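Chemist: So the sequences go chain by chain: A and B. Heads up: the first sequence is residues 1 to 190, going by UniProt numbering. Heads up: the second sequence is residues 1 to 190, going by UniProt numbering.
Simulated from the structure, these hints should not be mistaken for lab results. The structure displayed is predicted, hence computed values, not measured ones. For each residue, glycine too, the CB sits at the ideal point set by N, CA and C. There may be inaccurate statements among the hints.
Stated by the list, open to error - Derived DEER-like restraints, expressed as beta-carbon distance ranges:
1) A/A168 x B/E59: 51 to 57 Å
2) A/R61 x B/P139: 40 to 46 Å
3) A/R96 x B/E19: 14 to 20 Å
4) A/T78 x B/G116: 23 to 29 Å
There are 2 protein chains.
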Amino acid sequence: MRVLGVDPGLTRCGLGAVEGRPGAPLRMVAVGVVRTPSDDDIGARLVAVEAGIERWLDEIRPDAVAVERVFAQHNVRTVMGTAQAAAVAIVCAARRGLPVALHTPSEVKAAVTGNGNADKKQVGAMVTRVLRLDAMPRPADAADALALAVCHVWRGGVQQRLAQALAASGSRAPSGRTVARRPDGGGSAR
Amino acid sequence: MRVLGVDPGLTRCGLGAVEGRPGAPLRMVAVGVVRTPSDDDIGARLVAVEAGIERWLDEIRPDAVAVERVFAQHNVRTVMGTAQAAAVAIVCAARRGLPVALHTPSEVKAAVTGNGNADKKQVGAMVTRVLRLDAMPRPADAADALALAVCHVWRGGVQQRLAQALAASGSRAPSGRTVARRPDGGGSAR
Chain A
1 MRVLGVDPGL
11 TRCGLGAVEG
21 RPGAPLRMVA
31 VGVVRTPSDD
41 DIGARLVAVE
51 AGIERWLDEI
61 RPDAVAVERV
71 FAQHNVRTVM
81 GTAQAAAVAI
91 VCAARRGLPV
101 ALHTPSEVKA
111 AVTGNGNADK
121 KQVGAMVTRV
131 LRLDAMPRPA
141 DAADALALAV
151 CHVWRGGVQQ
161 RLAQALAASG
171 SRAPSGRTVA
181 RRPDGGGSAR
Chain B
1 MRVLGVDPGL
11 TRCGLGAVEG
21 RPGAPLRMVA
31 VGVVRTPSDD
41 DIGARLVAVE
51 AGIERWLDEI
61 RPDAVAVERV
71 FAQHNVRTVM
81 GTAQAAAVAI
91 VCAARRGLPV
101 ALHTPSEVKA
111 AVTGNGNADK
121 KQVGAMVTRV
131 LRLDAMPRPA
141 DAADALALAV
151 CHVWRGGVQQ
161 RLAQALAASG
171 SRAPSGRTVA
181 RRPDGGGSAR
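So that you can see chain A by itself, here it is in the shape it has in the complex (with noise of 0.2 Å):
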């Protein structure tokens, strides 16, 4: 399974992608930043990140885009804008037909490192050790969507071996759709 990891933002859009399953080391596919001048106009900016998202779904060819959810904030004009990348990476995924998880921070952050309030610096730390990667990728956001990407692999394992023993006993998984298809629901750790 590939994933497509997306921590939304206008000046930096982080974007990683994973390859693998749960219980199997994961192999990091591709990482980097999509970046949009301050100064430019909202919509510059937005089809910017569209046109860079587009770039790295035509080449990276996901199963599934992961990414993270926005909540309102202090810095009510960064979340906004925030929120604004996060809809333009979950249209061009949707259009394509890929499934769209979205997870909180502290999912990402509790899946990766076991510690729903680890710092950015203990999530590099996990990633890097993680990937077996040489050093830790910068800046941050890159980082994060790596996690981001690493945290669905593993919470899809988790879900679907929960299903797998719920069908086994005879009863129904708690929800119809799988973690990989809930938008709209509300995550165990916020």
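Assemble the complex: chain A is given as a structure, and chain B must be docked to it using the hints.
Modeler: Chain B alone, transformed into the frame defined by chain A:
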């Protein structure tokens, strides 16, 4: 000048187009709403909003698109959907090279009714009167989209006269951008 106003939303995205110029009667070209089912996932909803707006742009062929500027509000989940629908509208317009303007709710209310704190009924009544309609457009999202388009035409006129007056007096306009291309700047009526 033909302007498409967009009152962004996932459940109901209001769309309203007007034609005219400042100082002359305005004409309504079209009004309507794009709806998406609340139990669809966010990807499907944003793709449906995009398809709806693309259809409108194909048919209406506006010279500019005016989108309501979204702020973080109390209902976090709703405002995120609104911001994401706005992003889709902005991308659709900017991809075609159309000027995109963001107007705050206060700017729209002030332009249309003379009162930045007007309620929805007052805005709807003024839109009905200004466009000489037989009845108030419904739902409110549709009336709000028309109000955005009216606001855009009228504010454009004010900005143009200001620029002309400054040019005549040998000064430069306070900003290199016109209102119609001012998506990042703050509004005066915030």
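Chemist: Each hint should be assessed against the structure and marked as holding or not.
Modeler: Going down the list of hints, with the structure as the test:
no. : hint                       : result
1   : A/A168 x B/E59: 51 to 57 Å : holds (54 Å)
2   : A/R61 x B/P139: 40 to 46 Å : holds (41 Å)
3   : A/R96 x B/E19: 14 to 20 Å  : violated (36 Å)
4   : A/T78 x B/G116: 23 to 29 Å : holds (25 Å)
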